Amino acid sequence: MSTASMTKPITENGILFPSKVMLDLSKLKKVYSTPKGDYVVLEDLNLQIMKEEFVTIIGHSGCGKTTMLSMIAGLNPISGGNIAVLGNPVKGPGPDRGVIFQSPSLMPWMTALENVLLGVNQVFPHATKAQRKDIAKYYLHKVGLDGAFDKKAIELSQGMQQRVGIARAFAIKPKVLLLDEPFGMLDSLTRGELQDILIEIWNKEKITAVMITHDVDEAIFLADRVVMMTSGPRAKIGDILDIEFERPRTRKSVLEHDDYYTYRKHLIDFLEH
Amino acid sequence: MEQEITLKKESQPLAFLKPLVVKFTPKFQKGDIISSLKKTGITIVSILLFLGLWHLGSKALYNKEAAYKIEKALTEQGQAAADAERACIASGDSSCQPNTLPSPAQVWSSLQALIADHKVITADKAAFVEKMAETNIKLVEQGKDAIVYTGRASFVDIVLTSIKTVFAGFLLALLIAVPIGVIIGLSPSLRSAFNWFIQVFKPVSPVVWYLLVFMIVKTLYIGDSSDNAFVISFISVGLCAMWATLVNTAMGVSSVDKDYINVAKVLKLGTFQKVFKVILPSSLPLIFTGLRITLSVAWMVLIAIELLAQSQGLGLFVWEEFQNGANDSNAKIIVAMFIIGIIGFLLDRLMLTVQNMVSFNKNEGV
Ligand SMILES: Nc1ncnc2c1ncn2[C@@H]1O[C@H](COP(=O)(O)OP(=O)(O)OP(=O)(O)O)[C@@H](O)[C@H]1O
Ligand SMILES: [Mg+2]
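These protein sequences, in sequence, are chains V and X. The numbering of the first sequence is this note's numbering, which starts it at 1 and goes up by one. The numbering of the second sequence is this note's numbering, which starts it at 1001 and goes up by one.
No lab work stands behind these hints: they were computed from the structure. The model shown is predicted, which means the values in this text are computed figures rather than measured ones. C-beta: ideal position from N, C-alpha, C; glycine also. Be careful, since some hints might not be right.
[Said to hold, decoys possible] Where chain X lies over chain V, by a calculated footprint (3+ residues, C-beta under 8 Å):
1) 113-127
2) 228-242
[Stated by the list, open to error] No farther apart than 25 Å at their CA atoms in a straight line, the calculated lysine-lysine pairs in the PhoX-like style are these:
3) X:1144 <-> V:137
4) V:173 <-> X:1274
5) V:91 <-> X:1030
6) V:51 <-> X:1258
7) X:1268 <-> V:129
8) V:133 <-> X:1268
9) V:129 <-> X:1265
10) X:1265 <-> V:91
11) X:1258 <-> V:151
12) V:133 <-> X:1274
13) V:152 <-> X:1265
Isolated chain V (complex conformation) (with noise of 0.2 Å):
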């Protein structure tokens, strides 16, 4: 486990410094256009995530991070500014980059391994149809649904259906995972559950994840950075917080911590203003 921990991105040797960038959002701007007239939600966003970084964003409801995630993945028009991934300039949704919606969206006619190997077929044409299930096994093992594979999703409970939304993320082998509120509907011991899940894979598959959360707990037990957004219209990148614990990380560990309120302060802080 310790060969995966890693502190600061950027101390990664001899890549010069552009290559490190994951995710570039460069004076982004989305306008959507109502009946009232037009309604600016972002505009002139900047912000950088690194390679295997993982960055967690707060901010109030309505403020435009769903907005902002769905146009990294693709899903939504740029209205203005770039996204680049590596440097690209996104132009569609794709595998490379995989999403973890609030609802799971399963196919709820499908078994949690037929929902898995969607995702596998696509990414992995080549492999042998025993190698594909295989990997959909291997993420389903993962997320300790072994017992599951054949039970179609609709009979799973919700957290058990995020738990293959997870593996289902994981197994296309994303760059990036973009995940929008994934546990907010799950009851507090789920949820921790599942957060300790998503960061041993995350961990270990040394993927960048950016996530949405409105739980400040979840943002600084997860995250690399919490970035916090200002509220709309014209919303932007408002703070930035460095979480300096060492991975791995334990909750209590970080619960006994010193720097933990201070970090907790800070965020609340920026919320409640």
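Position chain X with the ligands relative to chain V; hints supplied.
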């Protein structure tokens, strides 16, 4: 680390209990058995009540018409004629029976008569086939057509013809409406292009569809002496009944959950994969609701269309019985009515079963 592990251990049983609790509690409870017994009881009572009311109603109508007949004989031909009429009616002689709504008992005996008639005809047919077997072999050897039984159709044959027609029509509706529904569901511009067409043709009555199909098929079959009543009726039935499926399919396809579409986009599924793995399965419930309506509409318009097309089915049977006005005609019409109703009900059940088999969210039957 410790904290992490204990958290997992504690929450595991909870996570696994959840689905179990949901799954096992509602089934097989005492209350369920009692409530289903109650339901059956209520159904039986209501059937008996219905039969009783029917019986009383038909008796009242019978008496009214009998009284009128006697009264008429009295005023027109005098007391003697009236007494004769009264005696005739009381004797149950078929020549002077009031011709009104038959009683449940009459309908029951008509049903038995029809079944007996079916047995006679079946025996006839078998005898005919046996008798002609040798001749037919020779005819076929000489390259001529074999002689087939062309006698009167039995009630069972008639019912089977109707079922055959309705299934052919249903299949036609399915083959036309589902693909077109999918295509116009996928494209908003095609949807607006087709919209006027659907709005205009949807409300057209079965009679008009029949006439339209008749015009076309008659010309296509020109010079061909074979019986095209079946073809005309099933095409008319199909065209008349397909609209519910067309509209529902288009709606189902165009309103697939946005999340599923987003998943398909992120995974970059091709059009084929997107349609067959995401869009169609997710619109199946609506498509099947449409198909269910289509089947029941098909069965409903079938009777009128068979009547017009002179196709040997229940529609024509009802019409001919009404025309010939024999003593038991009314009872036979009521038999046909029940058969039509029961088959319609069974067809709907069949569709519901298929729907539940293929759909991911189970529907409760009504
Ligand atoms: N398709 C749309 N058309 C018009 N306005 C929209 C559209 N989608 C979102 N908005 C508006 O843009 C703003 C930002 O929405 P968004 O969903 O991105 O907020 P959010 O930060 O994700 O909120 P939440 O925390 O509640 O999820 C909101 O005011 C919303 O009403
Ligand atoms: Mg949101």
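Structure-based check of all given hints:
1. Residues of the region 113-127 of chain V with a Cβ under 8 Å from some Cβ of chain X number 4, which satisfies the need for three, so the listed coverage holds.
2. Counting residues of the region 228-242 of chain V whose beta carbon lies closer than 8 Å to any beta carbon of chain X gives 0, which falls below the threshold of three, so the coverage claim is violated.
3. Distance restraint check for residue 1144 of chain X and residue 137 of chain V: the Cα-Cα separation of roughly 66 Å exceeds the 25 Å cut-off, and the hinted pair is therefore not satisfied.
4. For the given pair, residue 173 of chain V sits about 21 Å from residue 1274 of chain X by alpha-carbon distance, which is consistent with the 25 Å threshold.
5. This hinted pair does not check out: residue 91 of chain V and residue 1030 of chain X have alpha carbons roughly 60 Å apart, beyond 25 Å.
6. Of the pairs offered as hints, the one joining residue 51 of chain V and residue 1258 of chain X is violated, with about 30 Å between alpha carbons and a cut-off of 25 Å exceeded.
7. Annotation: proposed proximity of residue 1268 of chain X to residue 129 of chain V holds, straight-line Cα distance about 19 Å (limit 25 Å).
8. The hinted pair formed by residue 133 of chain V and residue 1268 of chain X meets the criterion: a straight-line CA distance of about 19 Å does not exceed 25 Å.
9. Restraint check for residue 129 of chain V and residue 1265 of chain X: the C-alpha separation of about 23 Å stays at or below 25 Å, so the hint holds.
10. Annotation: proposed proximity of residue 1265 of chain X to residue 91 of chain V holds, straight-line Cα distance about 12 Å (limit 25 Å).
11. Between residue 1258 of chain X and residue 151 of chain V, the direct Cα distance comes to roughly 23 Å. Compliance with the 25 Å bound is thereby established for this hinted pair.
12. Between residue 133 of chain V and residue 1274 of chain X the alpha-carbon distance is near 20 Å, which keeps this suggested pair within the 25 Å criterion.
13. Restraint check for residue 152 of chain V and residue 1265 of chain X: the C-alpha separation of about 22 Å stays at or below 25 Å, so the hint holds.
Of the numbered hints stated above, those contradicted by the structure are hints 2, 3, 5, 6, listed in ascending order.
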